[in-house]
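Given the coordinates of chain A, assemble chain B onto it according to the supplied hints.
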Amino acid sequence: DTAVSQTPKYLVTQMGNDKSIKCEQNLGHDTMYWYKQDSKKFLKIMFSYNNKELIINETVPNRFSPKSPDKAHLNLHINSLELGDSAVYFCASSQEAGLAGEQYFGPGTRLTVT
Amino acid sequence: EDQVTQSPEALRLQEGESSSLNCSYTVSGLRGLFWYRQDPGKGPEFLFTLYSAGEEKEKERLKATLTKKESFLHITAPKPEDSATYLCAGSNDYKLSFGAGTTVTVRA
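Which chain is which? The protein sequence lines are A and B, in order. At position 77 of the first sequence the residue is numbered 77 (my numbering), and the sequence of numbers has no breaks. At position 87 of the second sequence the residue is numbered 201 (my numbering), and the sequence of numbers has no breaks.
Bound-form chain A, shown alone (with noise of 0.2 angstroms):
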């Protein structure tokens, strides 16, 4: 059983289209959140969401828009797609909400614009 999965594994695609990662969990989890990974490896969280509330919005470029239908589920949309967006893009989920719950990832997006 997968606990937090994704889809597509790999994405690639042009500058100027629009995209979607979907993310589900089964944990039973109330807060999930989106993470870019770059080249150098850095996390950086994007968004995070409590029980369908957006609760955490870094400063993230409007072009990405994250919706959630239900707790288990989390998309990413991202509009108008730019050369600096390749990176690899993580799911997670934890318990609690905030930042102090050790969180579960799924296995990540890559995702590559050319």
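FYI, nobody ran anything at the bench for these hints, they're computed from the structure. Quick reminder that beta carbons are idealized off the backbone N, C-alpha and C, glycines included. Hints may contain errors.
One side only, chain B facing chain A, incomplete, derived with CB under 7 angstroms [what the hints assert, rightly or not]: (1) K156; (2) G157; (3) P158; (4) F160; (5) T163; (6) L210; (7) F212; (8) A214; (9) G215.
Here are the simulated PhoX-like cross-link-like pairs (lysine-lysine), alpha carbons at most 25 angstroms apart as the crow flies [as the list claims (entries may be wrong)]: (10) K36/A <-> K156/B; (11) K19/A <-> K9/A; (12) K22/A <-> K71/A; (13) K193/B <-> K41/A; (14) K41/A <-> K209/B; (15) K22/A <-> K52/A; (16) K209/B <-> K67/A; (17) K9/A <-> K52/A; (18) K67/A <-> K156/B; (19) K22/A <-> K209/B; (20) K209/B <-> K71/A; (21) K209/B <-> K40/A; (22) K44/A <-> K156/B; (23) K9/A <-> K41/A; (24) K171/B <-> K209/B; (25) K19/A <-> K156/B; (26) K71/A <-> K19/A; (27) K209/B <-> K182/B; (28) K22/A <-> K156/B; (29) K36/A <-> K71/A; (30) K71/A <-> K9/A; (31) K44/A <-> K71/A; (32) K41/A <-> K156/B; (33) K183/B <-> K44/A; (34) K52/A <-> K209/B; (35) K173/B <-> K156/B; (36) K177/B <-> K41/A.
Frame of chain A; chain B shown alone:
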């Protein structure tokens, strides 16, 4: 500004050769200090949370400790399967800051 710095960037060990990884942090109002393990092509895997200075936690060959300014991850008698990137992260109520990680390679 909240910051987490890990050293060294890379560590090559012989099997059985114990060593320590360092994580120094400046996170105001620290709520928790986390250690994660990341294998190539995979998401980070949770290892430990430390909440207060003096706290220690152990799991198999790994032991994490916390002071007011640093955390250490000690690897005792490592095996090749301990090869991975180890990430440290500090959180307060507003932000979770990750370090760049230490990539550990254990040779048989």
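Hint by hint, here is what the structure shows:
no., hint, result
1, K156, "holds, 6 angstroms"
2, G157, "holds, 3 angstroms"
3, P158, "holds, 5 angstroms"
4, F160, "holds, 5 angstroms"
5, T163, "holds, 6 angstroms"
6, L210, "holds, 4 angstroms"
7, F212, "holds, 4 angstroms"
8, A214, "holds, 6 angstroms"
9, G215, "holds, 5 angstroms"
10, K36/A <-> K156/B, "holds, 13 angstroms"
11, K19/A <-> K9/A, "holds, 13 angstroms"
12, K22/A <-> K71/A, "holds, 13 angstroms"
13, K193/B <-> K41/A, "holds, 24 angstroms"
14, K41/A <-> K209/B, "holds, 18 angstroms"
15, K22/A <-> K52/A, "holds, 15 angstroms"
16, K209/B <-> K67/A, "holds, 21 angstroms"
17, K9/A <-> K52/A, "holds, 24 angstroms"
18, K67/A <-> K156/B, "holds, 24 angstroms"
19, K22/A <-> K209/B, "holds, 24 angstroms"
20, K209/B <-> K71/A, "holds, 21 angstroms"
21, K209/B <-> K40/A, "holds, 20 angstroms"
22, K44/A <-> K156/B, "holds, 16 angstroms"
23, K9/A <-> K41/A, "holds, 17 angstroms"
24, K171/B <-> K209/B, "holds, 23 angstroms"
25, K19/A <-> K156/B, "holds, 22 angstroms"
26, K71/A <-> K19/A, "holds, 22 angstroms"
27, K209/B <-> K182/B, "holds, 18 angstroms"
28, K22/A <-> K156/B, "holds, 17 angstroms"
29, K36/A <-> K71/A, "holds, 21 angstroms"
30, K71/A <-> K9/A, "holds, 22 angstroms"
31, K44/A <-> K71/A, "holds, 22 angstroms"
32, K41/A <-> K156/B, "holds, 12 angstroms"
33, K183/B <-> K44/A, "holds, 21 angstroms"
34, K52/A <-> K209/B, "holds, 19 angstroms"
35, K173/B <-> K156/B, "holds, 20 angstroms"
36, K177/B <-> K41/A, "holds, 23 angstroms"
Checked against the numbered hints above, the structure breaks none of them.
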